[in-house]
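Here's the letter readout for the chains.
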Amino acid sequence: MKKNLLFDFTVDKATKTVLINREFDADLSLVWDAFTKQEILDQWVAPKPWVSKTKFMDFKVGGRRFYAMVSPEGQERWLIQKFTSISPKTNFKMSNAFADKDENPELPGSDWDYNFSEQNGTTRVSITIYNESLARLEKMIEMGFQGGFTMGLQQLDELLLTLKKK
Amino acid sequence: MRRDIFQAIADPTRRAIITLIALQAMTPNAIADNFNTTRQSVSKHLRILTECELVKQKQEGREIYYSLEIEKMKEIDKWLIQFRKIWEARFNQLDKVLSTLKKQKK
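Top line first, the protein sequences correspond to chains A and B. Per this note's numbering, the first sequence starts with residue 139, numbered consecutively. Per this note's numbering, the second sequence starts with residue 8, numbered consecutively.
Please keep in mind that the hints were generated in silico from the structure rather than gathered at the bench. We put the CB at the ideal spot given by N, CA and C, even for glycine. One or more of the hints may lead you astray.
[Unchecked claim] In silico EDC-like links for lysine to aspartate or glutamate, alpha-carbon gap of 20 Å or less:
hint : chain 1 : residue 1 : chain 2 : residue 2
1    : B       : LYS109    : A       : ASP146
2    : B       : LYS110    : A       : ASP150
3    : A       : LYS220    : A       : ASP171
4    : B       : LYS103    : A       : ASP180
5    : B       : LYS103    : A       : ASP163
6    : B       : LYS113    : A       : ASP163
7    : A       : LYS186    : B       : GLU95
8    : B       : LYS85     : A       : ASP146
9    : A       : LYS191    : A       : ASP180
10   : B       : LYS112    : A       : ASP146
11   : B       : LYS81     : A       : ASP180
12   : B       : LYS63     : B       : GLU82
13   : B       : LYS110    : A       : GLU177
14   : A       : LYS227    : B       : ASP102
15   : B       : LYS103    : A       : ASP171
16   : A       : LYS151    : B       : ASP102
17   : B       : LYS110    : A       : ASP146
18   : A       : LYS231    : B       : GLU60
19   : A       : LYS154    : B       : ASP84
[Claimed, not checked] Here are a few chain A residues that face chain B, going by a calculated C-beta distance under 8 Å:
hint : residue
20   : LYS154
21   : LEU168
22   : TRP170
23   : ALA172
24   : GLN176
25   : PRO243
26   : LEU275
[Stated by the list, open to error] Calculated from the model, a selection of chain B residues having no Cβ within reach of chain A, i.e. all distances over 10 Å:
hint : residue
27   : THR26
28   : GLN31
29   : TYR72
All chains should be modelled from the sequences, with the hints used to inform the complete structure.
This is how it looks when you write it as structure tokens:
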């Protein structure tokens with residue numbers, strides 16, 4: 139039986155803030171690991187058929203993760219994250235920016251705040267992204283496109299309606 | 008220079024201008040009448056909105072009328088929907104990874 143898992147996605151265009159809520163059918167420590175351990179992150183963060191390759195990840199305050207999204211043709215898009223605050227299994231914060239292959243970030247980046255909580259074996263992750271820019275969204279989406287995300291027009295219309303209400 | 012559309016709509020006066028001209032094309036003077044601000048300030052906001060291609064100008068006689076590019080506004084929503092799709096797909100991948108990890112633990 140597949141549980142009905144919550145997925146909220148809202149964008150406050152005026153403040154350039156993205157809010158994402160998602161539940162996972164797993165306990166807190168496993169979900170925490172999935173967001174904070176490079177060997178698990180690399181299995182899910184890239185939009186298929188892109189793959190994520192972490193060059194290094196030092197998950198501690200002040201530590202960084204330097205990784206690439208690699209296309210099937212071998213094209214690399216480097217990103218760098220810096221962890222600014224960590225409360226184990228509760229919250230972590232980081233700054234995130236595209237970068238070149240020599241670890242030079244394309245500033246300004248965006249700021250990410252992750253919150254974790256568990257209830258009855260279901261773990262909820264709340265992500266708030268501050269200072270998102272359209273230019274960065276475009277880059278992400280471009281990668282998503284190459285990953286072959288398509289959708290029917292009807293679905294698009296429905297989503298447009300939902301977004302407009304917000 | 009290409010401007011960030013989010014930046015364009017981040018300003019409350021510019022959002023108010025967008026709302027005004029969404030209803031009807033207006034001259035800069037008519038727009039300025041709605042705000043407790045100078046004509047120069049309104050012109051500056053209109054210039055930014057024009058650079059983002061959120062508004063278009065139309066010359067009628069000696070007056071320039073500004074109106075909203077509805078399609079451009081819709082474009083923002085389309086970008087956001089696609090961004091949402093990426094997250095959805097990413098989380099579906101994570102569901103599979105979590106399910107595999109849970110089996111390994113047992």
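Q: Starting from the hint list further up, note which numbers the structure goes against and sort them upward.
A: Hint check: 1, 2, 10, 11, 16, 17, 18, 22, 24, 25 fail, others pass.
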